[in-house]
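There are 2 protein chains.
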Amino acid sequence: MTQTFLDVPPELGPIQMMLGEGLLRVEQRFDEQLASELLPVERLCAHVERYRGKMLRPALVMLSGLACGASGISEEHVTIAAVCEMVHMATLVHDDVLDEAENRRRGRTVNHLYGNEAAVILGDYLIAGAYHLCTSIGSVEAARAIGEVSMTLCGGELLQLHYRDDYSLDEATYFAILERKTAALIGVSCRLGAQLAGAAPAVQEALDRFGRRLGVAFQIQDDLLDLLGEERVVGKSVGKDLEKGKLTLPVLLHLGHLDPGERGSFLELLERAGEGDAAAAGELRDRLVSSGAVEAARARARTLVEEAREGLRAAPRGPAREMLDLMARAVVERRY
Amino acid sequence: MTQTFLDVPPELGPIQMMLGEGLLRVEQRFDEQLASELLPVERLCAHVERYRGKMLRPALVMLSGLACGASGISEEHVTIAAVCEMVHMATLVHDDVLDEAENRRRGRTVNHLYGNEAAVILGDYLIAGAYHLCTSIGSVEAARAIGEVSMTLCGGELLQLHYRDDYSLDEATYFAILERKTAALIGVSCRLGAQLAGAAPAVQEALDRFGRRLGVAFQIQDDLLDLLGEERVVGKSVGKDLEKGKLTLPVLLHLGHLDPGERGSFLELLERAGEGDAAAAGELRDRLVSSGAVEAARARARTLVEEAREGLRAAPRGPAREMLDLMARAVVERRY
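Protein sequence lines, in the order shown, are assigned to chains A and B. Residue 1 is where the first sequence starts when you use the working numbering, and the numbers rise one by one after that. Residue 1 is where the second sequence starts when you use the working numbering, and the numbers rise one by one after that.
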């Protein structure tokens, strides 16, 4: 749950409790929607639970609603929160398929075949469940937003795939990928939360922007944790971006300051680190830190968070807005 | 296009022409919906065209509308026709991923990795495009039906995957898979076509049933063509069901009449045929023909078509209904 990375001051206790109760309702709605009389479906859906993470998107749907004047967490907010999480889960499940394939390419675990096939269909089931659930609140506008953001998301995935192992990726394209793959859905989560609370279009737009900025900052922090974090703190394997040939912001910023000769030798180092050479990975990290690239990426994330927080001012002052503000700050402070 | 397997009598010429024009509009709507400013997306979508087949679902949406009193093919019918085809295409693209994986298991073409990953995302993009397009007609009911049928479809896929290479599959489960994986979407295509033309609920239901029966018959015929058809006539590789360990209706009907001892030796033959033993495949075919299992499967398909045609009587008599009737008969007569 979102609270796990938040250090919440006492005055926000009541809203935190309200959010916690809301998240439980979201989990329930989520599970009910995926329930099936088919045993193989039931069994697979049970696995989805292990994907359940910070529940960032559901929290944002509900807090955005509360920040825009909703007196409590409505059924519609719970539904749309579950929808946003389901869309997110679908991408995680399909990302796993892509990553498992990658693992196979590096010659690791061999017969993930049955697993991959089931995962493709499970992801499809999640996305179908999301759309179906979405129509239950009777808002064509919400359904349209979810359909649209899903297309955007896939566009981001395809763009990312296109640039995998391609060192010509530039900063603009890096951000274009993040905007689509991560930020858009987080933005829509905030926007729909506001919309369902009857917020004015300008406020919905401001919250959408808040979410998008937050989403980009969140992803940059993810990149940094993957590069520098320790496995036991982050809670998942680190250094995966290097292995996957994914260029992250610190690497891009560093590359931007090299002359052609330095660039060649740095790319070679990157290649070696990607092939699992631990010494090369260590040297790479050292260079990114000493050149200031890591710090520059951190600064970028902090600026985005500040921009996000400014957008929040469109919503009326109150504990829900405070909570959103706290979450925004936590994004760049989190260690996991 | 659907017409390619139809021998249309002269009096249906006008409706056939109307349908042909409608299908062109569907193709256009389809392409417009998937258009993207991202080059990698554009490039992949261009590939989708090669999946374009008989356009059965779009034809059924439009003909069901016309059969229920629509004076022409409305924009809404074109949209929903494109939506149904997009959902279908998404499943084809993801099926291909599953099949390519299978090919790898048999040790064929090796590095389809990039292709597989792109195909997973492309399928997601198609399904997202379908949902997004669906909301453009402003009908929550239609969006809900499409979301629901997509879940059903995935359930069928998972059930099928669960029983792959599992010879305990029985006839009831075989039909449960077909109903979900193939028939449900064809039924919804007919139902939505009728609904958008303002048909009464009972007529919508009758057309849904027509579509479902037709869908099951269509799939049985597909099974038979895969088992017995000649590659140059069918236009795609045959014998794939055996290779994939997919039990088809003739095999199931045959198995149902064997005593335990015969069953063992027949399963062995099936296994050998599945491993690419051409002599075993030939013997298998001969046994299925001589035991009457093939004929029994054909009879099953014919009965389903007759049931489908009876359901059609709920719609008023006219050339569109005639055309649907003709299509139903063609399903069990087609050789490709």
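If you're looking for bench data, these hints aren't it; they were derived computationally from the structure. Incorrect hints may have been included.
Put simply, identical chains are the same to the list, so a pair is met inside one copy or across any two.
Stated by the list, open to error - In silico SDA-like cross-links for lysine to any residue, where the CA-CA straight-line distance does not exceed 25 angstroms:
id	residue 1	residue 2
1	K240	G20
2	K54	R298
3	K246	L39
4	K246	S36
5	K246	E37
6	K240	S71
7	K54	E271
8	K244	E322
9	K244	N116
10	K240	G115
Hints versus structure:
1. K240 <-> G20: neither (32 angstroms within a copy, 51 angstroms between copies)
2. K54 <-> R298: Only inside one copy: K54 and R298 sit 21 angstroms apart there, 54 angstroms across copies, limit 25 angstroms.
3. K246 <-> L39: The answer is between: 19 angstroms across copies meets 25 angstroms, while 38 angstroms in one copy does not.
4. K246 <-> S36: Between copies, since 23 angstroms is at most 25 angstroms while 37 angstroms is not.
5. K246 <-> E37: between (40 angstroms within a copy, 23 angstroms between copies)
6. K240 <-> S71: neither (43 angstroms within a copy, 59 angstroms between copies)
7. K54 <-> E271: neither (32 angstroms within a copy, 47 angstroms between copies)
8. K244 <-> E322: Classified as neither; 38 angstroms inside a copy, 57 angstroms across copies.
9. K244 <-> N116: Both: 18 angstroms inside a copy, 16 angstroms across copies.
10. K240 <-> G115: The answer is both: 20 angstroms in one copy and 21 angstroms across copies each meet 25 angstroms.
Hints 1, 6, 7, 8 from the list above are not met by this structure, while the remaining hints are.
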